[in-house]
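Number of protein chains: 2
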Amino acid sequence: MTHSGFRFEIIKKSTSCNARLGIVHTPHGDVKTPAIIFCGTKANVKGVTINHLQQENTQIILSNTYHLLLQPGPEIIKKAGGLHKFTGWNGPMFTDSGGYQIFSLGYGGVDAEIKGVKLPKSKKSLLKITEEGAFFRSYINGKRILLTPELSIQTQIALGADIIVCLDECTPYHTNKMLVSNSMVRSKRWALRCKDELERSGNGKQGLINVVQGGIHEDLRLESSAFANENDFDGLAIGGSLGKTVDEMYSIVKMTKGILNDNKYVHLLGIGGIKDIFTCFKYGIDTFDCVSPTRIARHGIALVKVKENKIKNSNNVNITSAPFIEDFSPISNDCDCYTCRNFTKAYIHHLFKAKEILGGQLISFHNIRFLNKMMEDIRNSIESDNIDAVEKEYCAE
Amino acid sequence: MTHSGFRFEIIKKSTSCNARLGIVHTPHGDVKTPAIIFCGTKANVKGVTINHLQQENTQIILSNTYHLLLQPGPEIIKKAGGLHKFTGWNGPMFTDSGGYQIFSLGYGGVDAEIKGVKLPKSKKSLLKITEEGAFFRSYINGKRILLTPELSIQTQIALGADIIVCLDECTPYHTNKMLVSNSMVRSKRWALRCKDELERSGNGKQGLINVVQGGIHEDLRLESSAFANENDFDGLAIGGSLGKTVDEMYSIVKMTKGILNDNKYVHLLGIGGIKDIFTCFKYGIDTFDCVSPTRIARHGIALVKVKENKIKNSNNVNITSAPFIEDFSPISNDCDCYTCRNFTKAYIHHLFKAKEILGGQLISFHNIRFLNKMMEDIRNSIESDNIDAVEKEYCAE
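Quick mapping for you: the protein sequence lines, in order, are chains A and B. Going by our numbering, the first residue of the first sequence is number 1058, and it counts up by one from there. Going by our numbering, the first residue of the second sequence is number 1058, and it counts up by one from there.
A portion of the hints provided could be inaccurate.
Chain copies aren't distinguished; within one or between two, either way the pair holds.
[Unchecked claim] Here are the simulated EDC-like cross-link-like pairs (lysine to aspartate or glutamate), alpha carbons at most 16 angstroms apart as the crow flies: (1) 1142 <-> 1383; (2) 1136 <-> 1383; (3) 1135 <-> 1384; (4) 1070 <-> 1440; (5) 1142 <-> 1384; (6) 1136 <-> 1384; (7) 1135 <-> 1383; (8) 1245 <-> 1188; (9) 1069 <-> 1440.
If you're looking for bench data, these hints aren't it; they were derived computationally from the structure.
Extracted from the complex, chain A is given alone in its bound form (with noise of 0.2 angstroms):
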């Protein structure tokens, strides 16, 4: 499957470990890879205009296919003209299936199900699931809806993002390996049916993501792996049950990065921690997206190097805190994003206390703009093959 639209290229391979550089070339521009991809759930990124995403080098963003087939619905969007023009975001986008939301609100979240936090019947939105696709209420207007392959398909299209998934069931952690296999399976038979329904109804600029699944046995991970390989993808992506600690979650994504097709983008769905990305992109990730730079920004938490952090050992620096009311510098002396330009940590702090959301808005600002620039600097270390440097100067020791 070729596109004149999306093309991925490998422009450099590390020598020391299997992170390369590259290029996520789109309808709407290049993502140079290693990249982070900032979550517009609602066709918007929280509080942060298109104006403060560019002006912080935002390369790419996310919409959810779950929320926006809800609220206003794929109608509207298409008859906006897309997505790009909906938002106003003209650079590459990227949406996922809505398989995730119904999923993992279906059965509480992932971290409600380790943690085994049983959630109320009315609460839960997931309804059932057959090979034709699954039945989940609406949170608006408790409707009944049924999520198909084809329907996934037909509302990214309408979107027209410039990178779509195709849809798959992701299991949750505690499921027996026989459940896990057959939802796999299915996931293969619906990645196909996905395919299809792009192929018969797309403008053929879209790139198509095929979700590898199998939880955390490497013989399903293996058998997802192999039909991800077979098939002509545009770009693979590493979902579902990825363990229950994050050294487990390094070693399945590891394995299964390394049994992947070497030529494919690969993007690891749902992690963009500080730690995640340093590891994972040396595994050769190429993309990472994840709400928390924005969501902890809005409760105050701004994203530093840990050399920079006073308070502790970490990335994370909580500005509501009392160490903060009378700090007259900016979150970073190195950063030169609007905020740090322009803001004392001093006068954020009263943003907060005077639950002021602006405050919320400029430490999203800040942590768009230390991503972008982390992400920069990765590809930096990639091309003069300093990475450890690099990975030293972001974490802690």
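Got chain A sorted already, so can you dock chain B onto it with the hints?
Chain B alone, transformed into the frame defined by chain A:
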């Protein structure tokens, strides 16, 4: 009292009414009048970065001494180098005295008072008024604070705004004339104490505004105005109760402005509706302030010229209402604000339905630009003697 900093200059007087074109010169730049002052209550305009304020041609913003006295406190802002440095807003800035909030919160707000709504005792923050000042309780930590004229001025010196206001007592509408009179006379004594304090402790650059009181009583307004005229303040403001109806307000503003020294800069406190501005600039009011433009924006209300409003005979359009679900045009085709250049009503409607704060931000940008443009059109209409034509363009016939 002449400052190297603050100076008011009248450029042209209208021949058809008492409107005038002017310039308020301040240490942080000039304000062309008539002008509107946008409210940045707690040292920020809610959800609007300085970037966007500037982009929409904002001339001057206001912060509230009452709120900043309690959080973060004047010491912090003084250490930051003043409000300009703290907030990043480097243009002209206005602070009020803190009095209005103490009295309006103390009495439960003018609206509540007029409507006869009684506040529970625990909600009343105003404790006692003596010759010395006003005792009130902090809404943040319950601490008892005495706001004297001297403390108000010391606080406003620490904040460092370009235009500052004398502490006055605001009596509610339902107050008998004797009490209004006593209060007005006390406000005169407080104003002299403010003037003394600024001369003793200020840098000679802040412009001091005296507030004309007297409620709805012509003889009391006359007495307060005489005091204002006789004493050398940099500018004057019309404050206090302006009656129960809009017509009563206009008649009190007109009468009061008419007896003030015609060379002085005059601000109308807390009034800034479109109809109010069009009525009162013709009486010779130079500046207006109002929280409404950004507050209504956060509730989905955009400002337009009446003739542009297809829903009703009003300047207000509720973008959250159903007709806009599929309206792919900007709020106004005539407007070149960031929002109208980039986004449709359908997108903004979606943001409100999805409970995204960006919706309120986008309408805030528009409302700010709309009013800045309206003031520019008003200034041009004074210049070219066609006030009526501009009023007809903006207002209902």
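So, going through the hints one by one against the coordinates:
{"no.": "1", "hint": "1142 <-> 1383", "verdict": "between (43 angstroms within a copy, 14 angstroms between copies)"}
{"no.": "2", "hint": "1136 <-> 1383", "verdict": "between (50 angstroms within a copy, 8 angstroms between copies)"}
{"no.": "3", "hint": "1135 <-> 1384", "verdict": "between (48 angstroms within a copy, 13 angstroms between copies)"}
{"no.": "4", "hint": "1070 <-> 1440", "verdict": "within (9 angstroms within a copy, 67 angstroms between copies)"}
{"no.": "5", "hint": "1142 <-> 1384", "verdict": "between (41 angstroms within a copy, 13 angstroms between copies)"}
{"no.": "6", "hint": "1136 <-> 1384", "verdict": "between (49 angstroms within a copy, 10 angstroms between copies)"}
{"no.": "7", "hint": "1135 <-> 1383", "verdict": "between (50 angstroms within a copy, 11 angstroms between copies)"}
{"no.": "8", "hint": "1245 <-> 1188", "verdict": "within (11 angstroms within a copy, 82 angstroms between copies)"}
{"no.": "9", "hint": "1069 <-> 1440", "verdict": "within (7 angstroms within a copy, 65 angstroms between copies)"}
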